[in-house]
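Going down the list, the protein sequences come from chains U and E.
At position 97 of the first sequence (counting the first as 1) the number is 97 in this note's numbering, and the numbers step up by one without a gap.
To convert, count from 1 in the second sequence and add 116; that's this note's numbering.
Just so you know, these hints were derived from the structure itself, not from any lab.
Please read these numbers as outputs of a predicted model, since none were measured by experiment.
Even glycine gets a Cβ: it sits at the ideal position worked out from N, Cα and C.
Which residues of chain E face chain U? A partial, calculated answer using Cβ under 8 Å:
1) Tyr-147
2) Asn-148
3) Gly-159
4) Leu-160
5) Ser-162
6) Leu-165
7) Gln-167
8) Ser-168
9) Ser-169
10) Leu-205
11) Leu-209
12) Tyr-211
13) Lys-212
14) Leu-213
15) Phe-215
16) Ser-217
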Amino acid sequence: EPEVTQTPSHQVTQMGQEVILRCVPISNHLYFYWYRQILGQKVEFLVSFYNNEISEKSEIFDDQFSVERPDGSNFTLKIRSTKLEDSAMYFCASGKLLPGGSYEQYFGPGTRLTVT
Amino acid sequence: KQEVTQIPAALSVPEGENLVLNCSFTDSAIYNLQWFRQDPGKGLTSLLLIQSSQREQTSGRLNASLDKSSGRSTLYIAASQPGDSATYLCAALSYKLIFGSGTRLLVRP
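Chain U on its own, in the form it takes in the complex (with noise of 0.2 Å):
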């Protein structure tokens, strides 16, 4: 069965470093997203990617977060300077639309990002 995969699995960077996470989302999905859990909270909605352009973004996702689908295959979040407080689980989820006009997201098993 098909799944979405996301590299690395874990991440450490330096406070102010760039990263970037990867994603390939399910072949036949037409919608993306990233969420992120920091540790002990909720899973957050960052972003959403829908026909080479952002759909709905969340107030965290500021100027800091780029998305990008640069082959057809991957998905990436890209963190421009990274702050101790973006330290979370990222987790990509590629979407699946269902009859009836709704889809149904699959997720990734996440990158842990620690930020140092």
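Start from chain U and add chain E according to the hints.
Just chain E now, kept in the frame of chain U:
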């Protein structure tokens, strides 16, 4: 603004018990309601999805119901097993998934 609440926050039961996890949401204008399982330090495994036009979904020992008018969903686990121990998250979908804080379930052998 959609808010999702899950009760109880934690639950410890002996093996074999049937149990119910509760989820409530404040805005009934949702496309669907999805239940996930999360093991410690791991990703999210989708268990069941109920579309807004549906009332319930079943998969094996799991049954999830949805009452949009009252803003509630329940996840029923029959004949619980130690392997069911995990955190269970519900999430309401409008254009994005809004997650609850989860119920931490421990099934004691």
